Amino acid sequence: MYHTPCVRFEMSRVALVVVGNSILEGRLRNIMSRRGWSVEICNDGDKAVDEYVRLEPELVFLTLDLPTMDGHIAALEMRETDPNARIIFVSSKTRLSKTQDAAYSSGAVLTLVTPVAFSDIDEKWEEIMGDIPEAPGLPDLDALYPELEEPTPILPPLPELPPLPTLPEPQTVIEKPKKKRGRKLKLLILSIILISSGLGIAHYLEYIDMQNYYDDLLDFFN
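Going by our numbering, the first residue of the sequence shown is number -3, and it counts up by one from there.
No wet-lab data here; the hints were simulated from the structure. Here the structure is a predicted model, which means the values were calculated and not measured. One should not assume that every hint holds.
Stated by the list, open to error - Cut-off 27 Å, straight-line C-alpha distance, at most; resulting in silico cross-link-like pairs (DSSO-like, lysine-lysine): (1) Lys120 <-> Lys94; (2) Lys43 <-> Lys94; (3) Lys120 <-> Lys89.
Sequences are here, hints too, so could you generate the full structure?
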């Protein structure tokens, strides 16, 4: 009886692409697919580190400008997690110098300049899959993180104060002028003294009524 030999199918190799550019993502996906690799896309530097731990890819394409975490720090995080992380940095010509510094710091195997062609990968393939350099920037990883300011605590709004009571309007008190009773009294006494002698005689002789006279005099001084 003929037995079919067992055939072991090797799973396709995985490349993680973290470049934040849809055109570059499509180009790298096409290049690696033609080599028989499967490609996973990630657009966030911080999440790319988590994806690296989850997928365990054999190759990572990175750029510097990524949301939430700089590509340099993301590469060092991957190297700290896995010393055998194989990383390729991709850069424009204008940022090539800074990208090369990050590639050296993180021990990347290669730096590619956009636009990336299939021939670029083909010519550098042996270098890409060769020995992985040391990452001299690992000891300084903590110092590379930006200092984050502690957020200012948000205090709850203060309750509204009750309205102030309405105070009654002050009333204007009009003081009545004091009557100058002392001066009038002195005049009254003086008048009485001066005319008492003559009036007394006239009253005695019943020429005038003294009572009416005094009443009129008092009304005058009041």
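Results of checking the hints against the structure:
1. For the hint pairing Lys120 with Lys94, the CA-to-CA distance comes to about 21 Å; that is within 27 Å, so the pair holds.
2. Restraint check: the Cα-Cα separation between Lys43 and Lys94 comes to about 23 Å, which is no more than 27 Å; the hinted pair holds.
3. With a C-alpha separation of about 18 Å, the suggested pairing of Lys120 with Lys89 holds against the 27 Å cut-off.
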